[in-house]
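A.B. asks: Listed below, chain by chain, are the residues.
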Amino acid sequence: MDLFLDALPALSSAFSQILQPHVLAYLFIGVVMGLCVGVFPGLGGIAGLSLLLPFMFGMEPILGLALMIGMVAVVPTSDTFASVLMGIPGSSASQATVLDGFPMAKRGQAARALSAAFASSLFGGLVGAMFLTLFILVARPVVLLFKSPELLMVSVFGLSMVGILAGRIALKGVVAAGLGLLVGTIGEGPFNGELRMSSYDLPYLTDGLKLVIVGLGIFAIPEIVALLRKDKAISEKPNLGSGWSDGIKDWWANKWLSARCSIIGVVVGVIPGLGGSVVDWIAYGHAVQSAKDKSGFGSGDVRGVIGPESSNNAKEGGGLVPTLLFGIPGSGSMAIFIGALALLGSGIDVGPSLLENNLDFTYSIVWLLALANVVATVLCIGLSTPISKLTNIRFVLLAPFIFMIISFAAFQSGQDLMDLVALFAIGFLGILMRRFDWSRPAFLIGFVLSNPVENYSNNATQIAGVKFRQGMETGLSYVMSPIVLILLVITVLSIVVGLRQAKNIMAEGEVPSGGKRAPLMFLLTVIAFIGFALYDAASIPDYAAVDRVFPMFVAVVSMVSAAVLLIQMMLQPETSTLFADRETAEEAAENTYGLWSTLAWFAALLVLTSLVGFVIALALFLFSFLKVRAGLSVIGAAMYTAAGIAFICFMAWSLNRDFPAGLLQGVVDLPWPLT
Amino acid sequence: MKTKKSWASVLVASVFAFGSSLSAQAADLSGKTVEWVIPFSETGGSAKWANFFAPLLSEELPGNPAVVVKFMPGAGSTKGANWFQEQSDGDGTLIFGSSGSTQFPYLLGDPRVRYEYKDWNPVMASGTGGVAYLNAEAGTKFDGSANNLKDMTFIYGNQGATRLDLVPALAWEMLGINVEHVMGIKGRGDGRKMFESGEATIDYQTSSGYLSGSAEMVESGKAVPMMTWGSLDESGNIVRDPTFPDMPTFKEVCEKTDGCETSGEAWDAWKAFFVAGFPSQKLAFLPAGTSQEIIDMYVKAFDAIKARPDFAEISAKRIGKYPMFTGAGAESALASAITVPDPAKQYVTGWLKDEFGVELK
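In order, the protein sequence lines correspond to chains A and B.
Here the first sequence is numbered in our numbering, starting from 1 and rising by one per residue.
Here the second sequence is numbered in our numbering, starting from 1001 and rising by one per residue.
Watch out, some of these pointers could steer you wrong.
Claimed, not checked - Under the rule of at most 25 Å between Cα atoms (straight-line distance), these lysine-lysine pairs were calculated in the DSS-like manner:
| # | chain 1 | residue 1 | chain 2 | residue 2 |
| --- | --- | --- | --- | --- |
| 1 | A | K210 | B | K1186 |
| 2 | B | K1150 | A | K467 |
| 3 | B | K1141 | A | K467 |
By construction, these hints were calculated from the structure, which means they are not laboratory data.
Kindly produce the complete structure, drawing on both the sequences and the hints.
C.D. replies: So this is what it looks like as structure tokens:
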């Protein structure tokens, strides 16, 4: 109770600290810097924050905080640009935004989708801050209620969102999620460090694949390739006015949905260990489940933008709770945040004492975050009309630059040429999944939740074992806590409702059916991969059995589902939705170019990079692509190329990053940026 | 005044970012950029450590080169260390920071290790300590020895059998305590949360983690400190940790506990890994083949950092109150960190296999 009495003075002291002109100015600079990095897909907050770190030393704490928070806060807002305009998830926070935001952009409603998204972001950020102001006082015992069984149930609940995103054939969604889970197990097992589907001869895979690569690969590459083949602008219709006021009206009409999703965002963000990477999917699922008319979802329903965008800014606020109160970073950017807090030398350490001794400091952080959201939203709304004009440009002029940026972003995750290979491989999988109407969101949810589900189930089983040995009652009260039971009910409900509705929700638009051969071939390839995963897991020796259980279990479930699919395919006629294939006559007619010739361009960039390094390869790629594919004049192509190279070099230089090197660099010493 | 200055630095930062040579004095590294490679991600303790020293180093090196920290995470730091092994830029523009997590795979003969510490040139070393603690129930039974704890079953959130957690795990094993290791914990912060929520009943933290998170649990009676790992005196003996002078060391607890011995192969093995993991946890290296002149320049710069009047104050907050060694001190820190007698090594690999089923081959 004392805490509540302290809260008001602490709050007013926090506000008097924040509302000083120079603090606000620093916040503004942070937001602008964050915006410069954040609008590019895949770069996000970690790159931005580490850019700031060297300057933190000795800075006045409140100013350093303002700068950093400005940077963190703007990312879940600015990443919306890439998600809506190009169908590329700008960061893990806006994966679900792609599903409805991108179709809106294709219909010429980019500005409307963007302003609805920004209004939701702003609202979510503010609701999050208000909720946190009270909640942070009682958060500690609440967070401690979440032990391994509860965390496992939250992860499983996240996984149940697959139900609603599974697409027309539920089993395909299950197998897609299974594939995601299996790809997530690649690398060292969490218990004994046994290798799964990798070997020490290929060290890259032992660390597992990174979310940024899988996210960009599974969503961005298929969209880029599909758009390129049509040789048009992204927007299929001319822009319907500036549209930004419509977006705000849309948000207002759905304000209660926005409020509910904001609360979902804070609450899930508070739970440590999930990092909020599924928050947007849960919010999307909620938006779908609570809507009366669900038919528009996946093909441009604005509620599918409002839901996830309301949650992802609120999540950043929620993520402060485990970060500040327990010293457990909720996400990568939060981890750097902790590091920078120490560098500020404020003498303030994250941890339990923060609430009791530095409540005003905590409140400053919470409200700086809210304020930064306001600034970020205003800037983004201002930018949305000019930026959304990008959707009217011939895509062939944009594509090589987008590809350049996502390759650069992917390379930052491991600084290994293999990052690009992995991006390309996952991208190819994404292309096939898109073509045969397999749910890519389901795959991604599986991938994201693979590690948490495995870890928490192992931990819960092991601890439950000890507790049951102490006594039946101790054991039961550990596994069957009220939270577990509630989550179990919600999960079951969500699966039942989801599966019943999934048929109506074309998460990726309608897909015609065609011949049997190609879809069958893809299914057989998937089965072969699952079979390999199963064999690989089974060959883990007994002493490391714990590393074997999870991949074995997932592989068996996926195998059974895939086998049922196979039998169904044999029985059904080729007009069945089972055989969805985008390459059938009617849709393929829109394509000016073939799949393989389009892919070959990107493969060429990859091969060239391995030979002469990224920058030289990129110059050759940009020039010849713009000359040959886009039909520019030599001078035009040269100018675009020079601009692209200059831009990426500036980016790398200011973030202090390197480019992938090729064989050439192994032989000759070249000056930066050719190294 | 300070505000104005940092304001300007940010503006400069946003326009010029790194690499710009603002001052060009006539000295060795002026106008150059020193890269400090850290084989971990931006989020770990090593990042904190390097980010703390980088601006100080920039001030002290002749010519005030920009010192930038680069992260090269992968394979629990073996990727970055393998990369460093192949570098030969001995012109003083490259330094490498290793940590206990780099030392352990080297000592254990991990198949991925292709680096050799003896080739590198250490210029600075700094350390930390560790504290183990019990929950309240076990705390009442703890009398300075582990004798009354042997009939209990403890749960511990472990980051991985071959990580730094090897040191507490082996210590508890030697004391004869029955500890169930719950694997796959992401960081010691998660371990502490497991302890606080009652899932785990025994825990350990490094000194800074203990001070910022666990000390409060001790004050409120939820946790009882058991022991520290201690610290090393000049002649390499384990003495009480200066940060926690009131807590017994593992050595003292072991001496009082039946069946635990402070000599023999188990003890030697524990001590070797403790020395590798804590008192010389983080080391800064120049690559193989660097000239003595450049090594001396770096040693001098780190000496100057150490001699700053405000060093004790600023370092205590960020990297803890532990000694920092330079030059010859760093060399002997390295020597003690990587000299593990073969029997000790075999003992630990055998124990890892029996206890955790971990085979490094």
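A.B. asks: Look at each hint and say if it fits the structure.
C.D. replies: For each hint, the structure was consulted:
1. At most 25 Å may separate the alpha-carbon atoms for a hinted pair to count; A:K210 and B:K1186 meet this at roughly 16 Å.
2. Between the alpha carbons of B:K1150 and A:K467 the distance comes to roughly 17 Å, so the proposed pair stays at or under 25 Å and holds.
3. Between the alpha carbons of B:K1141 and A:K467 the distance comes to roughly 20 Å, so the proposed pair stays at or under 25 Å and holds.
Comparing the model with each numbered hint stated earlier shows that all of them hold.
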